[in-house]
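Model the placement of chain F on the given structure of chain D, informed by the hints.
Spelled out from the first residue to the last, the chains are:
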Amino acid sequence: MVALNGSSVQELMKVDLASTSVRELNAELHAPTARRYEVHNPRGAEAIAVGLRHAIEVEIHGPAGYYCAGMNMLADVVVHGSVGTGVAENMMSGSVRVRGDASQSAGATGHGGLLVVEGSASMRCGISMKGIDIVVGGDVGPMSAFMAQAGRLVVCGDAGDGLGDSIYEARLYVRGRVGSPGADCVEKEMRDEHVAELGQLLADAGLPHDPGEFRRFGSARRLYHFAAHNSAAY
Amino acid sequence: MCGIVGLHLKNPALEPELGRLFVPMLEAMTSRGPDSAGLATYDAEGMHVIKDVGLPRDICAAHDIAARSGHQAVGHTRMATESAVTSDHAHPFTPLADLALVHNGSFSNHASIRRTLARQGIACTTDNDSEVAARFIARELTEGADLEDAMRSVLKEFDGFFTLLVTSGTQFAVLRDSFACKPAVIAETADYVAMASEYHALAELPGIGDARIVEPEPERVYAWSR
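Protein sequence lines, in the order shown, are assigned to chains D and F. Residue numbering for the first sequence follows the UniProt record's numbering, starting at 1 and increasing by one per position. Residue numbering for the second sequence follows the UniProt record's numbering, starting at 1 and increasing by one per position.
One should not assume that every hint holds.
Stated by the list, open to error - What the simulated footprint calls covered on chain D by chain F, stretch by stretch (three residues with Cβ under 8 Å from a Cβ of chain F suffice, anywhere in the stretch; the number is not a length): (1) 60-67; (2) 81-89; (3) 207-218.
Hints listed in this document are in silico derivations from the structure and should not be mistaken for laboratory results. This one's a predicted model, so the numbers in the text were calculated from it and none came from an experiment. Yeah, the Cβ is synthetic: ideal placement off N, Cα and C, and Gly gets one too.
So here's chain D without its partners, still in its complex pose (with noise of 0.2 Å):
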């Protein structure tokens, strides 16, 4: 990892893409000479801010496109307007906050970090999400938390149907309605310690919500566990 040289670093660069192409933007934004970026009319486009490794911030003012803010890590990403599939895929660390809605498959197979969605997700939010926290404040669609295997997803409106499909250890709070529950996907108790963590979830994402508010879903176990009385099947 290269260490921001303080002195040689500007505070503050700004950057048009409506004369930068995103491509000159993300080699900028891999070898930083600033601390902070402005991107102005970013119009839907593709892969902006995506591979960042420096602890830098990016705010991003327009709606962006596909995988915007992809495999990140230490860097702090704000999109003021909504963005398309797979925000904040593969995350690894950092964070990416969306002030208005997300399309599908947002924060997709996400290791660690925090995406926050200000707005509503569409479906397969979360979708093989590895460690990620992901809170939305409005809904998620159908299939959200599909095979989620680490990490926690707090949704403050409703859930769609299929919540949490074949889901391992992730474990999912919603304030809303559910449609349905996936395959394997059960509610739980709400102990003392899924109280804590929700409320420091929400306290980072700068929600109002009390805890007290949500329900908890996680993994029945029985999908996942090979079980000796089942070999004839297999």
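Relative to chain D, chain F alone:
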């Protein structure tokens, strides 16, 4: 992969601008479909169809699409996956005088539905799976269904992946399959309804910053009429 765009104008004052608004939408979908493209525009005289092989930019320029007026336009950029790259295989498929269908995805049971239609005397002119859906919807409409009902029949009969945009002289309808893995986004303002595979195709439209943006839910028909 393919790209879909559509523009349904509600404000007649925009009708002289139809082509100018529509061309950037189609060109934005070049990355999803660079091998051929097609479009249909609707005006008082009816539906006008252009299909050709090549880049959307070149096709729009060759036919001066930017100068076209009208109340509705639908377009498709194709990256062929299951049949040849020719202008006949390009979308939209237009089995009736005012019906256009564009499709992103692939149908897995189109061969059996094609045979069923053939037994009823409805022949396809290409081996493209999307044409089968167009002719299926045309049959439903000819038998008296309205467009929304015909689209729901697609859900019952067709298997596979699809985002469909289907237009008639008066209607504009969007449908996605139950997994909804082929993208779609709809923007609506007081002046227009616009649909595209990806948001950036809509980014140049007037008033897009204040538009109501919706990602269509699976298995739900979204339809507008004029």
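Status of each hint after checking the structure:
no.: 1; hint: 60-67; result: holds (count 3)
no.: 2; hint: 81-89; result: holds (count 3)
no.: 3; hint: 207-218; result: violated (count 0)
Comparing the model with each numbered hint stated earlier shows that hint 3 is the single one that does not hold.
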